[in-house]
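Residue numbers (the numbering used here), protein chains in the order written: chain F, 1 to 168; chain H, 1001 to 1112.
If you are wondering where the hints come from, they were derived from the structure by calculation, not from laboratory data. Please note that the accuracy of each hint is not assured.
[To be verified] Listing some non-contacts, in silico: residues in chain H with all C-beta distances to chain F over 12 Å:
1) 1008
2) 1017
3) 1024
4) 1038
5) 1040
6) 1049
7) 1050
8) 1060
9) 1077
10) 1089
11) 1100
12) 1105
13) 1112
[Stated by the list, open to error] In silico negatives: residues of chain F with every beta carbon more than 12 Å from chain H:
14) 5
15) 17
16) 22
17) 26
18) 36
19) 43
20) 48
21) 56
22) 59
23) 61
24) 91
25) 93
26) 109
27) 127
28) 138
29) 144
[To be verified] Subject to a maximum C-alpha distance of 20 Å in a straight line, what follows is the list of computed EDC-like cross-link-like pairs (lysine to aspartate or glutamate):
30) F/122 x H/1096
31) F/130 x H/1006
32) F/122 x F/40
33) F/130 x H/1011
On a predicted model such as this, the values are computed, not experimentally measured, just so you know. For each residue, glycine too, the CB sits at the ideal point set by N, CA and C.
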Amino acid sequence: MEIYQLDAKGSLFISPDIDDWSKVEERDICAIIDMDGDLDLGVPSVPNQYLYIYFPIDDALTLPDLEKLHAVARMGALLAGSGMKVLSHCGMGHNRCALVAGLILTYMGLSGPEAVELIRSKRQGALYNKAFAAYIAAQPAQPLDAGPQMAAQPAEVLLRAIANQDSQ
Amino acid sequence: MPLSIDIETIEQVQVVHLVGDIDGATAPDAQAAIIGVAGPDCKILLDMASVSYMSSAGLRLLLVVYRTIKGQGGEVILAGLTDDLKDTMEMTGFLDFFQFRDTLDAGLAALL
């Protein structure tokens, strides 16, 4: 199993089925988008380790549910934008994972054609599904509004805030 | 489109005729059928002329078939790939290790 880094920053990856979780750990990936029909074997169940998003779709010349697909892509872009490393994977690492990754890239600011070109340059044979490739290519750059940052609060800060409320 | 699978024996060659799409739903049956006729030193010709689309599940099937047949000292040839399938296999690098022929007759001649 090989993991392919897509963006220069190293926040978005694609791969075939995960058969070696150590490679996922080596990359510090903490969010998995699983587009394959089977749940991955050996998904670590350690608390607070992985965010695991499961959205199986068919690799066919028809598009999946676009509302859900875009929801997953927006979530992927938000996670990548907040500094987490995101891996989108399917069975062979060619089409389904690249469909989501392409949309994520458009939500990160690339145009559709740029996303297709980038993915194909990183993974031989990616997006050979012409329907998937055409769909991504038709997308505009649609960077997400950064909005208010929801930075994680250290537990002690939150506890102090609760204690302050209780004392008032 | 569902996949139909027919197997015939021509001399010592098992000819597997595939008609339809090879995708996640149909690849397991195709794999079982092809592996079912693979034995030591087997010669298998996959007639792909009527396969209109092959998803990544189809590529995985070809990989398993290739490894199984080669592992038993056998030979496998793909015949009649459409231009789309040839593009797919070329893009993904699969054409580098598969033998293929434009027609069924040419595939048979290569195996006999």
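**Study point:** Non-interface claim for residue 1077 of chain H, where every Cβ of chain F lies beyond 12 Å
**Key:** Since the minimum Cβ distance to chain F is about 21 Å, residue 1077 of chain H lies beyond 12 Å and the statement holds.
Exercise for review: Beyond 12 Å from every chain H Cβ: check whether that's true for residue 59 of chain F.
Suggested key: Given a closest Cβ separation of 4 Å, the condition is violated.
Exercise for review: Would you assess whether residue 17 of chain F, listed as outside the interface, keeps its beta-carbon beyond 12 Å of every beta-carbon in chain H?
Suggested key: violated, 9 Å
Practice item. With a cut-off of 20 Å on the C-alpha distance, tell me whether residue 122 of chain F and residue 40 of chain F pass. Key: Not satisfied, since the Cα-Cα distance of roughly 23 Å exceeds 20 Å.
Exercise for review: Quick one: work out the minimum CB distance from residue 1060 of chain H to chain F and report holds if it exceeds 12 Å, violated otherwise.
Suggested key: violated, 6 Å
Practice item. Decide, holds or violated, for the assertion that all CB atoms of chain H are farther than 12 Å from the CB of residue 91 of chain F. Key: violated, 5 Å
Practice item. Hey, is residue 1024 of chain H genuinely clear of chain F, shortest beta carbon separation above 12 Å? Key: violated, 6 Å
Check your understanding: Is the nearest Cβ of chain H still more than 12 Å from the Cβ of residue 109 of chain F?
Key -> Per Cβ check, residue 109 of chain F is outside 12 Å of chain H; nearest 27 Å; holds.
Review point. Going by Cβ atoms, does residue 43 of chain F stay more than 12 Å from chain H at every point?
Key: Given a closest Cβ separation of 20 Å, the condition holds.
Exercise for review: Taking the shortest Cβ-to-Cβ distance between residue 1050 of chain H and chain F, state whether it exceeds 12 Å.
Suggested key: holds, 16 Å
Review point. Holds or violated: are the alpha carbons of residue 122 of chain F and residue 1096 of chain H at most 20 Å from each other?
Key: Holds, at roughly 19 Å.
Point to revise | Minimum Cβ-Cβ distance from residue 144 of chain F to chain H exceeds 12 Å | key: holds, 29 Å
Of the numbered hints stated above, those contradicted by the structure are hints 3, 8, 10, 15, 18, 21, 22, 23, 24, 25, 27, 31, 32 and 33, listed in ascending order.
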